[in-house]
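*Asks:* Spelled out from the first residue to the last, the chains are:
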Amino acid sequence: MAKDHLKPLSFYIHIPYCIRRCGYCDFNTYTPSELKDGEASVAKVSQGYVDAAIIEINQAFDFLHGKEQVRPIETIFFGGGTPTLLPAPDLARILDELREKFGFAEDIEITTEANPDSVSAVDLKNLRVAGINRVSFGMQSAKTHVLATLDRTHNPARVSEVVNEAIEAGFEHVSLDLIYGVPGESIDDWKESVNAALALPIDHLSAYALIVEEGTKLGAQVRRGDVVMPPDDETADKYLLVDELATKAGMDWYEVSNWSLTGGEARHNIAYWHSNDWWGIGAGAHSHVQGVRWWNVKHPTTYISKLTSGESPMLENEVLTPEQLRFEEILLRIRLSSGLPLAFFTEAELGILNSYLAQGHLNEKAWQTGELKLTITGRLLADQIVRALNR
Amino acid sequence: MPAIPLDRAPKPSATDPLQIRNFSIIAHIDHGKSTLADRMLGITGVVEARNMRAQYLDRMDIERERGITIKSQAVRLPWQSEGSDYILNMIDTPGHVDFTYEVSRSLAACEGAVLLVDCAQGIEAQTLANLYLAMENNLTIIPVLNKIDLPAAQPEKFAEELARLIGCQPEDCLRVSGKTGAGVAELLDQIVRQVPPPQGDPKAPARALIFDSVYDLYRGVVTYVRVVDGNLKAHDQIQMLSTGIKHEALEVGVISPEPVSSGGLGVGEVGYLITGVKDVRQSRVGDTITNAQRPATTQLPGYKDPVPMVFSGLYPLDSSEYPALREALEKLQLNDAALVFEPETSAALGFGFRCGFLGLLHMEIVRERLEREAGLDLISTAPNVVYNLTLDDGTIVKVTNPSEFPMTKIDEVREPIVRATILAPSEFIGAIMELCQTRRGVLLGMDYLSEDRVEIRYTLPLGEIVFDFFDNLKSKTRGYASLDYEPIGEAPGELVKVDILLQGEAVDAFSAIVHRDKAYAYGVMMTGKLRELIPRQQFEVPIQAAVGSRIIARESIRAMRKDVLAKCYGGDISRKRKLLEKQKEGKKRMKMVGRVEVPQEAFIAALSTNEEVDKAKAKK
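Those protein sequences? They're chains Z and D, same order as listed. Position one of the first sequence corresponds to residue 1 (UniProt numbering), numbered consecutively onward. Position one of the second sequence corresponds to residue 1 (UniProt numbering), numbered consecutively onward.
Quick caveat, the hints were computed from the structure, so don't treat them as lab data. Model, not experiment: these values are computed from the prediction. Built from N, CA and C at the ideal position, the CB exists for glycine as well. Heads up, a few of these hints could be off.
[Claimed, not checked] In silico DSSO-like pairs for lysine-lysine, Cα to Cα no more than 30 Å straight-line: (1) D:K584 / Z:K298; (2) D:K233 / Z:K217; (3) Z:K248 / Z:K365; (4) Z:K7 / D:K578; (5) D:K578 / Z:K373; (6) Z:K306 / D:K578; (7) D:K584 / Z:K373; (8) Z:K306 / D:K576; (9) D:K582 / Z:K217; (10) Z:K373 / D:K567; (11) D:K474 / D:K179.
[Stated by the list, open to error] To spell it out: a stretch of chain D is covered by chain Z in this simulated footprint if at least three of its residues, at any positions, have a beta carbon under 8 Å from a beta carbon of chain Z; those stretches are: (12) 556-562; (13) 571-585.
The task is simple: from the sequences and hints, build the whole structure.
*Replies:* Right, here's the structure in full:
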């Protein structure tokens with residue numbers, strides 16, 4: 001089977017459970033009280049979910065096998081929700097099934113997200129034994145009042161412990177997530193958070209400006225005026241700050257919101273930005289295989305019942321037109337430090353890009369060698385540039 | 001005082017002038033004129049009760065909704081009084097300041113006028129203006145207090161007021177209720193008794209006064225006339241004396257209250273005429289109709305061409321609707337001889353029309369009809385008046401659009417001046433004077449109509465009242481003040497053009513001609529407004545207000561620094577692509593001013609008064 005023409009294959013596994021929902025979060029996740037009344041544990045409500053996920057993995061195999069597109073998996077990512085709420089043996093079952101069906105690439109990257117206060121040192125050891133080699137902790141902030149605004153429950157001191165426990169458990173890669181631009185967060189608060197993260201033995205840092213989503217508690221508070229979002233300019237200053245501090249700590253930006261030591265890049269996320277093939281397993285999970293995007297039914301109960309009755313859990317799909325594929329490629333790759341070749345663009349588009357170059361938003365040296373790469377001010381305007389190109 | 005069975009009533013074209021009474025009703029918008037007219041239709045038997053509908057004579061939806069009459073009508077009412085048969089022609093008049101000329105022609109067709117006043121509110125400024133007009137025309141005035149059935153009625157108080165105004169005794173005021181019908185029959189009897197019959201020479205060459213002209217989709221132009229001398233018959237060749245244009249009278253008839261062909265109209269009679277023309281401008285209010293075979297030589301007095309006083313640019317929100325706007329304006333013009341328009345191009349708003357109106361209400365009505373009847377979404381620029389400029393080299397230039405205001409040396413700018421009459425409770429005198437003062441008003445005089453009601457007269461530049469004067473007046477007087485104005489000529493003024501520049505480029509839609517002392521305030525207001533309304537761009541955008549080359553105010557929109565969503569993973573990707581695609585659609589509603597993207601909404605909001613913006617917000 002000649003498969004050299006195929007893009008690398010990744011899997012995303014969605015675990016749609018959380019102990020409680022955070023005020024800013026609009027992800028597809030459910031708390032025990034939302035699913036069943038009373039004090040049921042996540043382990044209890046999630047019974048059957050892993051079985052269903054394994055059925056979907058088999059559907060994925062059959063589908064790709066039929067097209068002669070089965071290949072070893074390059075990256076796997078457990079996201080949520082809170083994947084570590086499931087017992088490690090459950091996650092191991094999923095990995096076993098994937099390995100058995102598809103095989104793993106030699107240098108496979110397997111990541112799980114985790115909350116500092118929902119994993120113990122023992123959990124981390126078990127996860128490592130199950131085959132997971134990268135962990136990303138939701139630190140968000142070092143400041144208690146910022147964590148409170150975000151409805152996060154962990155003690156900031158726990159972050160340093162849990163990172164060290166992960167290293168002891170043998171994780172090769174440890175990442176921290178931070179959120180900035182939270183109402184009430186000062187520039188100094190943010191500086192403290194970034195410095196606290198960079199002081200730990202991590203090889204990767206993600207820093208996200210808070211997005212206020214419709215339909216969240218925070219969204220309602222902002223709409224009512226109970227909570228005031230900090231001005232965009234201040235949030236832009238915080239971006240400059242995190243970039244400066246991460247660079248000083250030896251990390252390079254490789255995507256708008258991501259910095260790493262050399263070799264610490266999240267390969268799974270790079271797969272998204274390069275429009276590789278990735279199959280999302282689980283309730284509400286999105287997939288992209290060769291220009292087709294689809295997403296599953298959102299509710300775990302519906303998801304389980306679809307799969308146990310032998311149906312596909314797919315809710316909707318879209319077949320991307322060549323124009324849409326090209327547009328996506330621009331909007332994704334422009335975010336990366338590797339950028340795009342100028343040859344990719346039309347004359348008219350180059351004209352538009354020229355005005356951004358003149359204002360210092362594009363890297364002058366890269367431009368001269370035929371590449372589009374954003375400068376730090378350009379990174380802050382990435383969406384605007386994409387919109388300008390999409391006339 | 002009974003009704004006459006219709007088959008036994010005096011016939012049109014064969015009615016002795018001595019049996020005819022022609023009258024109008026002068027009243028303010030909501031003082032019950034239409035209800036009283038309805039009652040008269042009922043009581044004289046021309047409309048059977050079962051066919052009655054409220055405000056029978058007001059034809060257009062807008063009229064019925066706003067409770068105002070835009071186009072007048074003339075209804076023939078048979079009535080028996082003291083044993084003799086009479087024909088009462090009720091000539092309806094439009095009730096607003098912008099239509100003074102039409103009102104004057106309607107009044108010229110009458111010998112008498114009923115002055116109708118709501119006896120819970122008293123007389124209003126426009127009614128007073130029309131009353132003076134009637135008195136100038138030597139009409140017999142019959143003062144009538146309406147709505148005597150209301151609990152808040154104060155007939156004694158307002159009888160005093162009316163008596164003082166027209167020089168009669170308070171007890172001469174009739175008291176009626178259009179709603180219950182009380183006093184209406186007596187009013188008809190009084191019209192017979194007090195209003196003189198029309199006089200005219202039946203043997204002289206025909207002369208008939210056009211007092212209204214209406215476009216009907218099926219019949220073409222319907223012309224309302226009052227015969228002064230001679231007669232008009234169907235199939236006569238008729239001639240318009242102002243233009244010399246000849247037509248055949250295809251149909252001649254009376255309204256009772258539906259049109260009835262009568263074959264002819266004699267001296268003193270009021271009715272309609274159809275010639276098949278399609279454009280009301282060929283049948284102008286105030287013109288004289290004569291018989292082409294045996295033409296009269298002298299026109300009836302008082303004919304004037306309508307003169308637009310207020311101008312505004314109308315632009316379709318969606319530029320592809322430009323042809324539809326043209327068509328709608330052309331259609332409206334068939335029925336509105338006072339509406340003028342010509343194409344204009346705005347760098348900011350695209351293709352549109354500069355339209356001239358008699359006044360503010362006229363403008364509002366036209367805009368509303370365009371939006372309602374043609375389903376158009378329009379942007380209108382701030383209204384302005386006509387300026388006559390003398391340049392240094394002696395050239396005289398007429399400016400109807402601020403963007404045409406010349407940059408060269410101007411020797412003098414003359415602006416239209418009006419005489420404004422404001423009636424209000426006396427407690428608001430201070431507030432009204434303050435408002436008029438800030439609008440460059442000059443106090444002419446003040447009279448007490450009654451103990452606590454006052455008439456204040458000012459001269460004011462029309463340009464000062466076209467924008468939001470009336471809204472301000474209403475809010476400063478809790479809605480009690482009424483306003484009337486009439487043009488009295490023009491006067492030199494210290495006027496300058498203020499340009500608004502975005503990134504150094506003037507935006508024509510925001511230019512305004514204002515008094516020198518107010519240029520700074522306008523500049524600060526507009527630049528401030530735009531800074532709020534225009535979103536941040538890729539680059540810094542200076543907003544400046546300038547008089548000539550002198551910058552008088554400035555603001556700036558700082559360049560946008562952050563426009564990126566932090567997260568772009570699996571499911572975010574299609575969401576993000578769709579969002580960006582949607583924003584591409586939104587871009588179509590952006591106007592480019594140089595390199596600056598200005599949302600359509602910013603134009604609308606910047607050109608509206610604050611009140612309009614608040615209203616629009618409240619709707620949401």
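*Asks:* Confirm or reject each hint.
*Replies:* Hint check results:
1. D:K584 / Z:K298: Holds, at roughly 29 Å.
2. D:K233 / Z:K217: Cα-Cα ~80 Å, so violated.
3. Z:K248 / Z:K365: Between K248 (chain Z) and K365 (chain Z) the Cα gap is close to 22 Å, so the pair holds against 30 Å.
4. Z:K7 / D:K578: holds (24 Å)
5. D:K578 / Z:K373: holds (24 Å)
6. Z:K306 / D:K578: holds (28 Å)
7. D:K584 / Z:K373: Judged against 30 Å, a Cα distance of about 23 Å means the pair holds.
8. Z:K306 / D:K576: holds (28 Å)
9. D:K582 / Z:K217: Holds: K582 (chain D) and K217 (chain Z) sit about 26 Å apart, inside 30 Å.
10. Z:K373 / D:K567: holds (19 Å)
11. D:K474 / D:K179: Answer holds: K474 (chain D) to K179 (chain D) is near 28 Å, not above 30 Å.
12. 556-562: Since three or more residues must qualify, the claim that chain Z covers the region 556-562 of chain D holds, with 4 doing so at under 8 Å.
13. 571-585: holds (count 9)
The structure does not agree with numbered hint 2 stated previously, though it agrees with all others.
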